[in-house]
Amino acid sequence: MTAGDWTRRDFFRFSAATGAVAIGGPALLSACSEVEGGGTLDQLKKDGKIKAGIAVESPYGYKDASGKETGEAAEVGRAVFKAMGIGNVEFSFEDFDSLIQGLNAKKFDVVMAGMNIKKERCENAAFSIPDYSALTAFLVKKGNPKGIRTYDDVKAKGAKLAVLSGAVEKGYATSSGVPEGQITTLPKQDDMLRSVIDGRVDCASLTDISLKDLVKNNPNSDVDVTEGFDPVISGKKIVSAGAFVFRKDSNELREAFNKELKTLHENGEWVKITAPFGFTAANLPKPDVTTDRLCSEG
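First residue of the sequence shown? That's 1 in UniProt numbering, and the numbers climb one at a time after it.
Don't read these hints as lab results, they were simulated from the structure.
A portion of the hints provided could be inaccurate.
Restraint ranges, calculated between C-beta atoms of paired labels, are given here [said to hold, decoys possible]:
1) Gly147 / Pro179: 26 to 32 Å
2) Glu269 / Asp198: 40 to 46 Å
3) Asn267 / Gly147: 39 to 45 Å
4) Lys49 / Val232: 23 to 29 Å
5) Glu297 / Pro187: 24 to 30 Å
6) Lys68 / Ser165: 35 to 41 Å
7) Thr40 / Asp198: 47 to 53 Å
8) Thr185 / Asn124: 22 to 28 Å
Beta carbons are placed, not taken as given, at the ideal position from N, Cα and C, and that holds for glycine.
Using the sequences plus the hints, can you model the full thing?
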């Protein structure tokens with residue numbers, strides 16, 4: 001696997017901040033400033049605030065109609081840090097692909113963007129325990145006229161597939177034997193939606209969570225989301241799980257975060273927090289889906 005094939009702008013991505021997906025799209029927000037105060041757990045508790053890097057990727061991070069930063073990652077992160085005694089999270093919006101670079105440059109202390117745990121990312125930063133797991137799905141026209149449910153179907157039926165630039169789905173497709181000529185790479189979720197609606201492609205692939213969010217925000221778009229699945233590449237099931245990201249020297253902060261995130265998973269609060277963003281108990285990571293495993297598998 002190459003970084004180009006298997007990195008995820010995990011989720012995706014330029015979605016809407018005010019209800020409709022990026023068809024009206026939110027503006028990217030200001031760049032972040034250097035973290036002050038050292039970023040140690042004791043200092044952060046003393047200051048009562050932490051700086052977080054986030055991307056405009058619904059349903060993980062965006063601004064709502066009132067201007068509040070929200071989304072699954074934003075709200076779970078807020079709840080965890082509050083339990084840690086850090087009541088204020090200051091968000092800095094960045095391009096998704098710049099988040100780890102900004103983290104290591106100490107522009108912020110944590111990345112809260114639903115970022116997929118991948119081996120190459122683990123080499124440059126430290127991931128929390130998995131926050132959620134997600135399945136892959138396809139966006140298709142109503143009724144799924146070509147009967148597309150897997151990448152094998154895309155290949156066998158010569159279907160035209162749209163994927164997001166930098167996302168894992170292109171790697172899933174090509175590793176499943178889908179020819180490059182059948183794949184169109186697009187920069188935004190709304191571009192994928194428009195391409196399916198207009199018939200320029202037969203399907204578009206992302207996680208089921210992101211595609212359901214896309215359809216929810218565009219209720220008259222005459223499209224469906226197929227049943228989610230775990231892609232099988234070379235006989236191996238590929239599990240997708242996202243997490244929060246810390247610098248490698250932030251072990252104390254990350255371990256304290258892990259403790260409180262695990263508590264939210266176990267006491268039912270996580271489901272309550274994430275339900276408005278389309279998550280359910282089915283998205284809780286299974287016990288065998290661990291950060292160590294995903295970092296080693298690539």
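* **Violated hints, by number in ascending order, as checked against the structure** => When the structure is compared with the hints, numbers 1, 4 and 6 turn out to be violated.
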